[in-house]
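Trainee: Listed here are the chains, written in short residue letters.
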Amino acid sequence: MADTINQSGRKGFLVDTSKCIGCRSCQVACKQWNKLEADKTANMGSTENPRDLTPALYNRIRFIEQESSGQTVWQFLNQRCMHCGDAGCIKVCPSPGALYRTKEGSVVFNKEKCIACKYCVSACPFNIPRYDSNDKVAKCHLCYDRIAAGMSPACAKACPTQALQFGNRNDLIKKATAAKKKLYGVDDLLGLGVVYALEGPPEQYGLPAKPEIPTSIFLWKDVIKPLGILGFWGSIGAVLLHYVTVGPQRTEETEEKGGSHE
Amino acid sequence: MSNYIERFSTRQRVLHWIVTASFFTLVLSGVGLFSRLFNGYFNFFGGGQNAILIHKIAGPIFFLSSAYMYLDHRAEISSFDSNDMEWFRKAGGYLSREPHHFHIGRYNPGQKMFALFIAVATLVLGITGLFIWVPTAFPRWIVQISLMLHGLMFVGSIMFMVLHVYLATIGNPGTVQGMLYGDVRKDWARHHHPRWYRERTGGK
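Residue numbers (this note's numbering), protein chains in the order written: chain U, 1 to 262; chain G, 1001 to 1204.
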């Protein structure tokens, strides 16, 4: 089951970090729409809260705190599933339909079909999927239920500053490029479904400069797997060929009369 | 005088079949995890989640029995002499119909290589299996490398297994009897393992 993507009909986010005020309306709206339980958190000496994604937190604001002439300066990044065009999670998922791509290009999940192997956790270039207490996958699904009904995702709907814009991915990129924004995720992994307009290098936001499916995962799925299937049938073919050409090593009864084979 | 000679004791045979049964249980329950092509194999176990459970039960059984089998045979399978080198040079005589004359002991070098590979594979599959067992408890890079190595060792094991089953059954008639009943025909032993035969019988 190849994972293919239709770029022209693809929907996505443009996250303009210069407009984000860190209000976390997106976090709250996501929880509310998806009926996600609250997570108990602890004060870790930072305004950032919670400190990581959880099975009940599909997106969150990452606070990048910097000292600038005695004052704390913040940058904000909305962290979530990137809905990669070439998605590591779909690539490794052994259960058809547990992780799949919608016609709008989102990567969504079906807990009923998830078999709890957790391969997607290892294959994600951004370390996004989480597992809930029932051992089922959980992550942002780009509110595919709302999109299917013609609405925008809960987070984008709630954003008061247009930092989170949802729409046709190509249009959003065109507009942002025209506005001379520095974009992240336009072409990586066949394009991310979440494109960021950043005000600094990606690393500053905790994003990989060049996001890729981990090399070992690539070797596992794109090299070892096909070679393995070839090797299995190849070795069966080889022994059958041996059987009908050279043939088995028969032990003749007549050899009993002495160690002629020494 | 009996026409047969004991090759494997009851203990060795039972151990071998425990290894075999757990190996094929692991293959059947794991092949659906290896590739989505084999998703249908999950049905034997009542779904993917059950297959994973069975895989996690068969895994330690295979690891322990296979490790024990290695320890049991480690002296016999890890030393190679000049006769073995001769066997390697002529690929055990398997590539031609010409009669061959090798001075082979209890195990031929192909069997030794197979046993050593399975020993290494057991270790690698066991260790990487632990990381894959609870992936969220370990750093991501360890689990990622484990998934790759687990797959690689699986591929190697299954290919060796095809060869092993062929050579032990229709490839060398008379061989599988040793593993089924413990006894092999004397002429079989003289043909395939002449040095071992001489050591056991004093040449008779």
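Don't read these hints as lab results, they were simulated from the structure. Note that beta-carbon positions come from the ideal geometry of N, C-alpha and C, so glycine has one too. There's no promise every hint is true.
A few chain U positions that, by computed beta-carbon distances, are all more than 10 Å from chain G [to be verified]:
id, residue
1, Ala29
2, Gln75
3, Glu104
4, Ala116
5, Gly167
6, Ala176
7, Leu190
8, Lys210
9, Ile224
SDA-like, lysine to any residue: derived pairs with alpha carbons at most 25 Å apart [what the hints assert, rightly or not]:
id, chain 1, residue 1, chain 2, residue 2
10, U, Lys157, U, Ile147
11, U, Lys113, G, Arg1140
12, U, Lys111, U, Lys210
13, U, Lys111, G, Lys1090
14, U, Lys210, G, Pro1173
15, G, Lys1090, G, Lys1056
16, G, Lys1056, U, Tyr131
17, G, Lys1112, G, Asn1050
Trainee: Each hint needs a verdict: does it hold in this structure or not?
Mentor: Status of each hint after checking the structure:
Here Ala29(U) stays apart from chain G, with its beta-carbon at least about 27 Å from theirs, past the 10 Å limit. A cut-off of 10 Å between C-beta atoms confirms that Gln75(U) is not in contact with chain G; the least separation is 25 Å. Every Cβ of chain G is farther than 10 Å from the Cβ of Glu104(U); the closest lies at roughly 23 Å, confirming the non-interface assignment. With a cut of 10 Å on Cβ distances, Ala116(U) falls inside the contact zone with chain G, its closest approach being about 6 Å.
At roughly 33 Å, the least C-beta separation between Gly167(U) and chain G is larger than 10 Å, which holds for a residue marked as non-interface. At roughly 31 Å from the closest C-beta of chain G, the C-beta of Ala176(U) stays outside 10 Å, upholding its exclusion from the interface. Every C-beta of chain G lies more than 10 Å from that of Leu190(U), the closest at about 20 Å, which supports listing it as non-interface. Every CB of chain G lies more than 10 Å from the CB of Lys210(U), the least distance being 17 Å, so the non-interface label holds.
Not every C-beta of chain G lies more than 10 Å from that of Ile224(U), the closest at about 5 Å, which undercuts listing it as non-interface. With a C-alpha separation of about 12 Å, the suggested pairing of Lys157(U) with Ile147(U) holds against the 25 Å cut-off. With a C-alpha separation of about 24 Å, the suggested pairing of Lys113(U) with Arg1140(G) holds against the 25 Å cut-off. Using a Cα cut-off of 25 Å, the hinted pair Lys111(U) and Lys210(U) is violated, with the two alpha carbons roughly 30 Å apart.
The suggested pairing of Lys111(U) with Lys1090(G) is violated, with an alpha-carbon distance near 56 Å, which exceeds 25 Å. Restraint check: the Cα-Cα separation between Lys210(U) and Pro1173(G) comes to about 58 Å, which exceeds 25 Å; the hinted pair is violated. A C-alpha spacing of about 41 Å is found between Lys1090(G) and Lys1056(G), which places the hinted pair above 25 Å, so the restraint is violated. For the given pair, Lys1056(G) sits about 19 Å from Tyr131(U) by alpha-carbon distance, which is consistent with the 25 Å threshold.
The hinted pair formed by Lys1112(G) and Asn1050(G) fails the criterion: a straight-line CA distance of about 35 Å is larger than 25 Å.
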